[in-house]
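Could you put together the complete structure from these sequences and hints?
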Amino acid sequence: MLHRSDALRGYLLMSPTLLIMLVGIVAPFVILLTMSLWTRSGFEFDTTLTLANYERTWNEPIFGALLKRSFWISGVATAATVILCYPMAYYVAFHVHRNKMMWIILMTLPFWTSYLLRVFAWKVILGYEGVVNSGLIALGFIDEPLGFLLYSQEAVIITLAHAWAAFAILPMYVSLEKIDKSLLEAATDLGDGPAARFLRVTLPLSMPGIIAACFLIFIPTTGDYITPALLGGPDGVMIGNFIQLQFGPANNWPMGATLAIILMLWIAAIAAVFLFVTRLAARRVA
Amino acid sequence: MDVVDQIAAVNEGKLSRRAFTRSLLAAGVALGAPLGGARRAMAAPEDQGTYFTWGGYDIPDLFQPYLEKHGELPNFAVFGGSEEALTKMRGGFVVDVSHPCNQALPRWIKTGLFQPIDPSRLSNWPDVIPELVDLEGNDAEDGKVWLAPFDWGQTSITYRTDLYDLEGEEESWDMLWNPKYKGKLGSLASGGDAWWVGAIKAGVDFKDIDSPEAFDKIAAVMREQRPLIRTYTDDNTTLEQALSSGEMVASMTWASSAVQLQAEDVPVRFAKPKEGALTWVCGLMIHKDAPKLDKAYDIIDSLLSVETGHFMINDYGYGHSNIKAFDAFDQETLDGLGLSRQPSEILSAGHFQVPQTQEWETRMNELFEQIKAGF
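As they're listed, the protein sequences go chains A and B.
Taking our numbering, the leading residue of the first sequence gets 65, the next gets one more, and so forth.
Taking our numbering, the leading residue of the second sequence gets 1368, the next gets one more, and so forth.
Treat the hints loosely; a few may be bogus.
[To be verified] Simulated DEER-style distance windows between Cβ atoms:
| id | chain 1 | residue 1 | chain 2 | residue 2 | range |
| --- | --- | --- | --- | --- | --- |
| 1 | A | L82 | B | P1486 | 50 to 60 angstroms |
| 2 | A | T111 | B | E1591 | 34 to 44 angstroms |
| 3 | B | E1536 | A | I201 | 30 to 40 angstroms |
| 4 | A | V87 | B | G1741 | 35 to 45 angstroms |
| 5 | B | D1661 | A | L96 | 36 to 46 angstroms |
| 6 | A | L344 | B | G1422 | 49 to 59 angstroms |
| 7 | A | A202 | B | D1414 | 45 to 55 angstroms |
[Said to hold, decoys possible] Per the computed footprint, the stretches of chain A lying under chain B, defined by three or more beta-carbons under 8 angstroms from a beta-carbon of chain B, are:
| id | region |
| --- | --- |
| 8 | 206-217 |
| 9 | 286-299 |
| 10 | 313-320 |
[What the hints assert, rightly or not] With a Cα cut of at most 20 angstroms, we get these calculated EDC-like pairs of lysine to aspartate or glutamate:
| id | chain 1 | residue 1 | chain 2 | residue 2 |
| --- | --- | --- | --- | --- |
| 11 | B | K1547 | A | E208 |
| 12 | A | K187 | A | E218 |
| 13 | B | K1639 | B | E1699 |
| 14 | B | K1574 | B | D1485 |
| 15 | B | K1659 | B | D1485 |
| 16 | B | K1639 | B | E1712 |
| 17 | B | K1511 | B | D1656 |
| 18 | B | K1549 | A | E208 |
| 19 | B | K1639 | B | D1702 |
| 20 | B | K1455 | A | E108 |
| 21 | B | K1436 | B | D1601 |
| 22 | B | K1549 | A | E241 |
| 23 | B | K1477 | B | E1503 |
| 24 | B | K1659 | B | E1435 |
| 25 | B | K1549 | A | D207 |
| 26 | A | K187 | A | D299 |
| 27 | B | K1584 | B | E1674 |
| 28 | B | K1477 | B | D1577 |
| 29 | B | K1549 | A | D299 |
| 30 | B | K1639 | B | D1529 |
| 31 | B | K1574 | B | E1591 |
| 32 | A | K187 | B | D1602 |
| 33 | A | K164 | A | E241 |
| 34 | A | K187 | B | E1536 |
| 35 | B | K1547 | B | E1534 |
| 36 | B | K1477 | A | E108 |
Note that these hints are calculated values from the structure, not bench results.
C-beta atoms are modelled at their ideal positions from N, C-alpha and C, and glycine is treated no differently.
Pasting the structure below:
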């Protein structure tokens, strides 16, 4: 009886969240799933349930290619962000002793401006007459502006890697900060040099932060819309842009819904594999 | 003076620190000002009408009469292509006035989302050029019309006369297919312009544009062009900046891009392709549930006014529908802009867009988007 009421109390406590989840996530998901089984006819929907859209994504190479490209761009961006941000998080966790909060705030300061503005800023930096190109020309390294800096996959990767840095620094900082310093001393006492100590103690113990950072960046950037739209050019189009097209000019909402579902499934699968592999690796190191 | 120059000037001691700080301040104000402006536009009182239009038409210069009457600008929403606009309105976006073109008119009417316009409520209507009103499907009953014509003109190529070498050839749409300028060519992203240009290039008559062979032929030329294109965009500013910096040497644009670049002394020409330019008439339609019907008529009347016409002709290089707007310009100026008091002279000299079915429109958009993505 007591047990039951405990459970009941738990649900009551959770009810605001549950309600939001239900209304804000489950319901739209069900709508999306249903719509993906419809087809378009003119401006209306044909509501007979069919897997035709899924078949199309399987048969037409464009969808697979765009998915692959999205995972590639977002994967590289994720790796770059994590690698670039790890030293920053490491420095603050181990070598800053006073005003840590101020350091964290300083590092996340650029992220107080809107995402869109940051993307535009990169457009200015990477542009044909942008900061990088005019700088290189002024220094005499190049005679003509580098065209590949803008409207390319590289531009998208650079921008994503910067735009999402805050999401990498914070979780990695938290897990590095939690590491018991006496473990490091013990490792040194037992004869580990700095490199071995890092690989055998610090890195495995900060793994949860790294994994969290990877997820936090990989999942949203795969479906990113605005960065490839503004900086990607014809070759930088990602799946998010294509989904938007289905809801916009191509006017095929069911197809858009299908693509969204497929993207979700793929991300879930990749995340599961990634988690499994890192677990395995962590166990082996430990 | 650009930033690099300024830094160099500081190093050489030519520019005082104070002057440098002052220009930094100016840059800051310049960056901040549009933000303030945007906020003001958003904060425009709820009781102004909403105008859903192409990028570039959301400026005060077109709304002086409206501004005088109501003290505020209308609210603006901007689209990149009229198909996108229609999809949004079908999805439930309610505006007062929108801005389709002749090619989309029958399809827009068919959706039932619009109401006929009563010309007697427009003070400028008697001056509207009749042949622009007389578009396919525009006749609503009782002397009413569906679309009040506003602007007309051409889609053609704006190219840098100093960077694009014609090599003695005539101006032609082939310029946008010239592999010599790979990665330095630009295009509008909307199929509403680009696909029709593809038809001209492929030699497809607009009467036959709805046929499997036409689709194949146009798709083939669009695929051929795609690797040459730096970027597809519906943002005129992006194309204009790229042309002025030399990032692009030629691009498909509307007349306004060329006129504005010329005003800034960038050496560009708006080509008269030997195959003929793409021509169109655009106008204004009122949403059937327009929440501010009176303001909707004021928006239209303001756009049809002589004042607005002057701006459209002089600053954008578009034709206007108000015949009196042309009085301020001599024949030579109009010729220079590729305009005329008789729109038919210009419109029939180029390729005038022909209305198509919804199925065609959707199929075209889908196919063109795939081609742009590289397939």
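We went through each hint and held it up to the structure:
| no. | hint | in the structure |
| --- | --- | --- |
| 1 | A:L82 <-> B:P1486: 50 to 60 angstroms | 57 angstroms, holds |
| 2 | A:T111 <-> B:E1591: 34 to 44 angstroms | 40 angstroms, holds |
| 3 | B:E1536 <-> A:I201: 30 to 40 angstroms | 32 angstroms, holds |
| 4 | A:V87 <-> B:G1741: 35 to 45 angstroms | 39 angstroms, holds |
| 5 | B:D1661 <-> A:L96: 36 to 46 angstroms | 40 angstroms, holds |
| 6 | A:L344 <-> B:G1422: 49 to 59 angstroms | 52 angstroms, holds |
| 7 | A:A202 <-> B:D1414: 45 to 55 angstroms | 53 angstroms, holds |
| 8 | 206-217 | holds (count 3) |
| 9 | 286-299 | holds (count 3) |
| 10 | 313-320 | holds (count 4) |
| 11 | B:K1547 <-> A:E208 | 17 angstroms, holds |
| 12 | A:K187 <-> A:E218 | 12 angstroms, holds |
| 13 | B:K1639 <-> B:E1699 | 17 angstroms, holds |
| 14 | B:K1574 <-> B:D1485 | 32 angstroms, violated |
| 15 | B:K1659 <-> B:D1485 | 15 angstroms, holds |
| 16 | B:K1639 <-> B:E1712 | 14 angstroms, holds |
| 17 | B:K1511 <-> B:D1656 | 17 angstroms, holds |
| 18 | B:K1549 <-> A:E208 | 15 angstroms, holds |
| 19 | B:K1639 <-> B:D1702 | 12 angstroms, holds |
| 20 | B:K1455 <-> A:E108 | 14 angstroms, holds |
| 21 | B:K1436 <-> B:D1601 | 32 angstroms, violated |
| 22 | B:K1549 <-> A:E241 | 52 angstroms, violated |
| 23 | B:K1477 <-> B:E1503 | 13 angstroms, holds |
| 24 | B:K1659 <-> B:E1435 | 18 angstroms, holds |
| 25 | B:K1549 <-> A:D207 | 19 angstroms, holds |
| 26 | A:K187 <-> A:D299 | 16 angstroms, holds |
| 27 | B:K1584 <-> B:E1674 | 44 angstroms, violated |
| 28 | B:K1477 <-> B:D1577 | 19 angstroms, holds |
| 29 | B:K1549 <-> A:D299 | 14 angstroms, holds |
| 30 | B:K1639 <-> B:D1529 | 17 angstroms, holds |
| 31 | B:K1574 <-> B:E1591 | 23 angstroms, violated |
| 32 | A:K187 <-> B:D1602 | 14 angstroms, holds |
| 33 | A:K164 <-> A:E241 | 11 angstroms, holds |
| 34 | A:K187 <-> B:E1536 | 36 angstroms, violated |
| 35 | B:K1547 <-> B:E1534 | 12 angstroms, holds |
| 36 | B:K1477 <-> A:E108 | 13 angstroms, holds |
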